[in-house]
Amino acid sequence: MANVTLRNVRKTYTGGFEAIKGVNVDVGDGQFCVLVGPSGCGKSTLLRMVAGLETVTGGEIDIGGRVVNQIEPADRDIAMVFQNYALYPHMSVYNNMAYGLRNRGMAEAEIKTRVEEAARVLELSAMLERKPRQLSGGQRQRVAMGRAIVRQPKVFLFDEPLSNLDAKLRIAMRVEIRKLQRRLNTTSIYVTHDQLEAMTLADILVVMNGGQVEQVGNPLAIYEKPATTFVASFIGAPPMNLMSTRPEEIRSQLAGSAAADAGILGIRPEDFVITDETPAGGVALPLTVEAIERVGAETFVYGSRQQEDQRVAATPGELPPGEVIVRIPGTEAPAIGAKIRVAAVQSKLHLFSGDGRKRIEA
Amino acid sequence: MVEEEGFRRYVAHVILWIGIAIVAFPVYIAIVASTQDNALIANGQMSLLPGGHFFETYYQTIFVGTSGSTREPVGNMMLNSLITALLIAVGKIAISIISAYAIVYFRFPFRMPIFWLIFITLMLPVEVRIYPTYKIVADLHMLDSYAGLSLPLIASATATLLFRQFFMTVPDELLEASRIDGAGPLRFFWDTLLPLSRTNMAALFVILFILGWNQYLWPLLITTRDDMQTIQIGIRKMITTTDALTEWPIVMATAVLAMLPPVFVVVVMQKLFVRGLVETEK
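For the protein sequence lines, the chains are A and B, in the order given. Residue 1006 in the working numbering is what sits at position 275 of the first sequence, and the numbering runs on without skipping anything. Residue 414 in the working numbering is what sits at position 191 of the second sequence, and the numbering runs on without skipping anything.
Take the hints with a grain of salt, since some may be wrong.
Reference excerpt, derived from the structure (chain A facing chain B, CB under 10 Å, subset only) [claimed, not checked]: (1) Gly783; (2) Tyr816; (3) Ala857; (4) Arg861.
What the simulated footprint calls covered on chain B by chain A, stretch by stretch (three residues with Cβ under 8 Å from a Cβ of chain A suffice, anywhere in the stretch; the number is not a length) [to be verified]: (5) 387-398; (6) 406-420.
Per label pair, the in silico range of CB-to-CB distance [to be verified]: (7) Asp362(B) with Gly789(A): 55 to 65 Å; (8) Pro408(B) with Ser867(A): 47 to 57 Å; (9) Gly761(A) with Pro408(B): 49 to 59 Å.
Hints were generated in silico from the structure; no laboratory data involved. We put the beta carbon where it would ideally sit given N, CA and C, even for glycine.
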């Protein structure tokens, strides 16, 4: 049971590359914190710094009230689950889980109790004598989890633990991890690039980009009020539609003084409705339907705006300029090439400063 | 592999059988000759069927030796060869796995220069540095000793290189998991790296044992006492007797005996050897 606090944590590699540019995060006792961001954003580096596998070149990492910057990984009272599981290939499942305990000089009887308990929870009891290569991907994943559980650490660290599993298993394991973490009530830090995983697992979501924290908070709060255009387009799939407010067509529709400062307007695909009306204070756009994607419960309409639009902030999952995604429920959709009109109400508009770094409240 | 049909398959088999015959015939001759009477062989009347002197020839070879001037029982030579080959194989594996561990997993000053220094010794086998090596061994009073026979051959880069390449394929996460599990450098080496290198070590052992067993030039140089002779030198000395008839059955029996340990090692280690090639235990 422990808090994890990162105070202005920095990582500069010899050679001058700054991987982590001052991160402040506070993870409360028993909370599940997810670090999410595109590849190369520094999220794994940050996790490895918490684990003690990377040195900290600035700031402090505090686990349970103790600054651990100079403490060996084994003495930090953490357990880590690796992306490729890192199971010892020559040891049986039992020994994989028992190894860390033996190194700590724990009595064999106590080790046996702990390993068998973990195996029972993870449904590995029948496989304790097998070698990792005789297990399926999902089972190996569970062994890696078991190795972390038996230690009864203060903090669990997960480094993209599900990315080597197929889609179906990933969803099942995601739920398992969440249930397990709730039951053990152990503080956890979880790294992923999958925003869906991040949204569903996190108590606290940390969105990272380029070695910096873009936004920290409750996942739904972040979804509803993204602080920057990066967060807006990274969290949510398909991504939020971002467009410049400069064209007359949009500027004329934006009411209030806030609009004057705003350079970028964002609207989530699901907040659009196909309608001929324009809601008061809302925004309506005429579109030409370019493509339709039907996924069963919902349909995505890709439309292009008649006016040429200017390119807006370069962020992952960005749409080509002038293209708009609209999500509509069911499978009824307009024909390709049809001219439609979509609208969003005022409360669903997101306004950002021209550089996309600041959210503007209407 | 694609199964060949009919005629082509027979042709392939015939070629294979011819190959086997070419390889196996001299071995067969050696075995047959070792069981026959020396007078018959000397007369050029050797039969291609086994003779009746098997037990007496092998008894004399192993426990007595030839009746010539270098009268040394082959059993003793085999023991010398065995000790030398084992020392070379085990010593080389032990030293190279440790040096490879240092080079791959530790950051110390001049790490790469040291690696390249080890690497360029590949260009300096014993044959090239034979005079200085002899001088050193002589100065250290290691002539006519097992240390002198094995030490100069233990130092070489091939095995270090092999282990280095293998260690570099071991995922870093394994080391990191060990660190989190509280295993220090020695524990990681002993508990994880060594077991993972098992098949590599077996393969190397086979190669190095045979290499050590077949050494000729180096033992010839540094052994002067008959009781320190290795079997390869022994065979040669048996043939060069000028004052007497070469005792071919004993020479052939010695040749057969010289073949046995390498064959034994290959047969015993083959399973591990092949598993090392096909199994990815990482």
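Against which earlier hints does the structure fall short, listed by number upward?
-> Of the numbered hints given earlier, those the structure breaks are 3, 4, 8, 9, listed in rising order.
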